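All chains, please: the whole structure from these sequences, using the hints.
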Amino acid sequence: MDADWGELNAECPSRAKGCHGQPPLVAHPELLVPRRPYRPEWELDLFDLKRVDTYLATQTWTRTVSQVGQVTLGGYRYGLGKSWAGQSVSVSFDAERRQFVFTQVRPETKTKRGHCLPELAPVCLDAQGLSVEDLTGLPADLADLPARQLMLPLSICYPQPIL
Numbered sequence: 040m041d042a043d044w045g046e047l048n049a050e051c052p053s054r055a056k057g058c059h060g061q062p063p064l065v066a067h068p069e070l071l072v073p074r075r076p077y078r079p080e081w082e083l084d085l086f087d088l089k090r091v092d093t094y095l096a097t098q099t100w101t102r103t104v105s106q107v108g109q110v111t112l113g114g115y116r117y118g119l120g121k122s123w124a125g126q127s128v129s130v131s132f133d134a135e136r137r138q139f140v141f142t143q144v145r146p147e148t149k150t151k152r153g154h155c156l157p158e159l160a161p162v163c164l165d166a167q168g169l170s171v172e173d174l175t176g177l178p179a180d181l182a183d184l185p186a187r188q189l190m191l192p193l194s195i196c197y198p199q200p201i202l
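Numbering-wise (my numbering), the sequence shown opens with residue 40 and increments by one.
What the hints contain is simulated information worked out from the structure, not anything from laboratory work. Remember, it's a predicted structure, so these values are computed and weren't measured experimentally. Just so it is clear, CB atoms sit at the ideal spot from N, CA and C, and this is done for glycine as well. It cannot be assumed that every hint is accurate.
[Said to hold, decoys possible] What follows is a set of in silico ranges between Cβ atoms, one per label pair, in the way DEER data are often shown:
| # | residue 1 | residue 2 | range |
| --- | --- | --- | --- |
| 1 | Gly176 | Tyr94 | 16 to 26 Å |
| 2 | Leu159 | Lys56 | 38 to 48 Å |
| 3 | Trp100 | Gly120 | 13 to 23 Å |
| 4 | Pro52 | Ala179 | 38 to 48 Å |
| 5 | Leu159 | Glu50 | 43 to 53 Å |
| 6 | Pro185 | Pro157 | 23 to 33 Å |
| 7 | Pro161 | Gly45 | 18 to 28 Å |
| 8 | Leu174 | Pro73 | 15 to 25 Å |
| 9 | Glu135 | Leu85 | 18 to 28 Å |
| 10 | Glu82 | Cys155 | 47 to 57 Å |
Following this line, the structure appears as structure tokens:
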């Protein structure tokens, strides 16, 4: 898998605006130099969930409700109810309550039989997959992380003979 990412980033041209048709690492060699050292035990302190919430609150998404009254957002299913089936909904994020708000896009739309759809009250559902653990991939208790052996430079283990 890492070899695939390496090939994709170093050899395959990218359509991204800032890459100008070059592979990402050719267009931006500065990406090879970390901006700061990575230490799992620092990540939870550095991660700011409020910034994520503030960003999400500026976004709006549109989804079509399935025939069973569900919407998928970020790989998670949200049940709105059968009365929402087949309708388009606008989805926003309420940062204070950490909920997604689902609102009908056009309640004045007519059905195939010419009837107007009933106007439905917005539905607020708790956001899924937005905990610190979900977003960082790190457990809340770092003691749950597997132990890792740090690598030593081989020159320490196998010094060059002095001739």
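Hint by hint, here is what the structure shows:
For Gly176 and Tyr94, the Cβ-Cβ distance of about 19 Å falls inside the hinted range of 16 to 26 Å, so the restraint holds. Between Leu159 and Lys56 the CB atoms are about 39 Å apart, so this pair conforms to the stated range of 38 to 48 Å. At about 19 Å, the beta-carbon gap between Trp100 and Gly120 stays in the expected band of 13 to 23 Å. With their beta carbons about 41 Å apart, Pro52 and Ala179 fall inside the hinted range of 38 to 48 Å.
Checked against the hint of 43 to 53 Å, the pair Leu159 and Glu50 passes, with Cβ atoms roughly 51 Å apart. Pro185 and Pro157 have their C-beta atoms about 53 Å apart, which leaves the hinted 23 to 33 Å range violated. Taking the beta carbon of each, Pro161 and Gly45 are about 46 Å apart, not inside 18 to 28 Å as hinted. Against the hinted window of 15 to 25 Å, the Cβ-Cβ separation of Leu174 and Pro73 comes to about 20 Å, which satisfies the hint.
A beta carbon spacing of about 23 Å between Glu135 and Leu85 agrees with the range 18 to 28 Å that was offered as a hint. The supplied range of 47 to 57 Å is met by Glu82 and Cys155, whose beta-carbon atoms lie about 51 Å from each other.
In summary, the structure is inconsistent with hints 6 and 7 from the numbered list given earlier, while agreeing with the others.
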